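Following the hints, complete the assembly by docking chain G onto the known chain W.
Chain residues, written in single-letter form:
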Amino acid sequence: DGGITQSPKYLFRKEGQNVTLSCEQNLNHDAMYWYRQDPGQGLRLIYYSQIVNDFQKGDIAEGYSVSREKKESFPLTVTSAQKNPTAFYLCASKPEGGGTQPQHFGDGTRLSIL
Amino acid sequence: DAKTTQPTSMDCAEGRAANLPCNHSTISGNEYVYWYRQIHSQGPQYIIHGLKNNETNEMASLIITEDRKSSTLILPHATLRDTAVYYCIVRNSGAGSYQLTFGKGTKLSVIP
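If you read the protein sequences in the order shown, they are chains W and G.
Residue numbers for the first sequence, in the numbering used here: 1 to 114.
Residue numbers for the second sequence, in the numbering used here: 1 to 112.
Same shape as in the complex, but just chain W (with noise of 0.2 Å):
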């Protein structure tokens, strides 16, 4: 079946360490995201990508790094610069970055600090 993975599901984090989340997607699609929820609040941007090989920051892109090599990959590196990581991944894609296509998303990553 089509759709977008998201490992791991849950995911611990030392102080000082980096710690990458992983997201693929089989649907072909060229424009992929990140955001973070936090509890009981919306979506925040975290980074995107329209195309391989680029990307771009989002609202709240300190502390995170993502690639683009391949068009089905966009992983996501919480770097120790990101003082408050515990939240909730979410990573969507849809075909193309612009239309009216909507955003389909992975059931997410939670990260918490041990």
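These aren't lab readings, by the way, just hints derived from the structure by calculation.
All clues given are correct.
Dumping the calculated BS3-like pairs for lysine-lysine here, alpha-carbon to alpha-carbon at most 27 Å: (1) K9(W) <-> K104(G); (2) K104(G) <-> K57(W); (3) K57(W) <-> K3(G); (4) K3(G) <-> K69(G); (5) K57(W) <-> K14(W).
Small disclaimer: the values here were computed from a predicted structure and weren't measured.
The following block gives chain G in isolation, referenced to the frame of chain W:
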């Protein structure tokens, strides 16, 4: 993108229609209305979207008023599995519109 206003919470009896309202009085001509829902600890699920005509799919119907300042998502026969937070989002279709702005949504509780 235009701002949306939704009730914080709603209840609906199982088997009845759930009607979820959304106000988007500042919507502009090229902005679409999207609905998503999020079940606890899962990613948001796309439901439906529209511009000005009413839309229906296998999940729901979307009714947009003629002036486009408000809309209603209708789940025709609510089940317990429809309990979720429902988000109404307005977004234009331009190439620069790269994100969805999620507010706090409406928490729908379907009651047996």
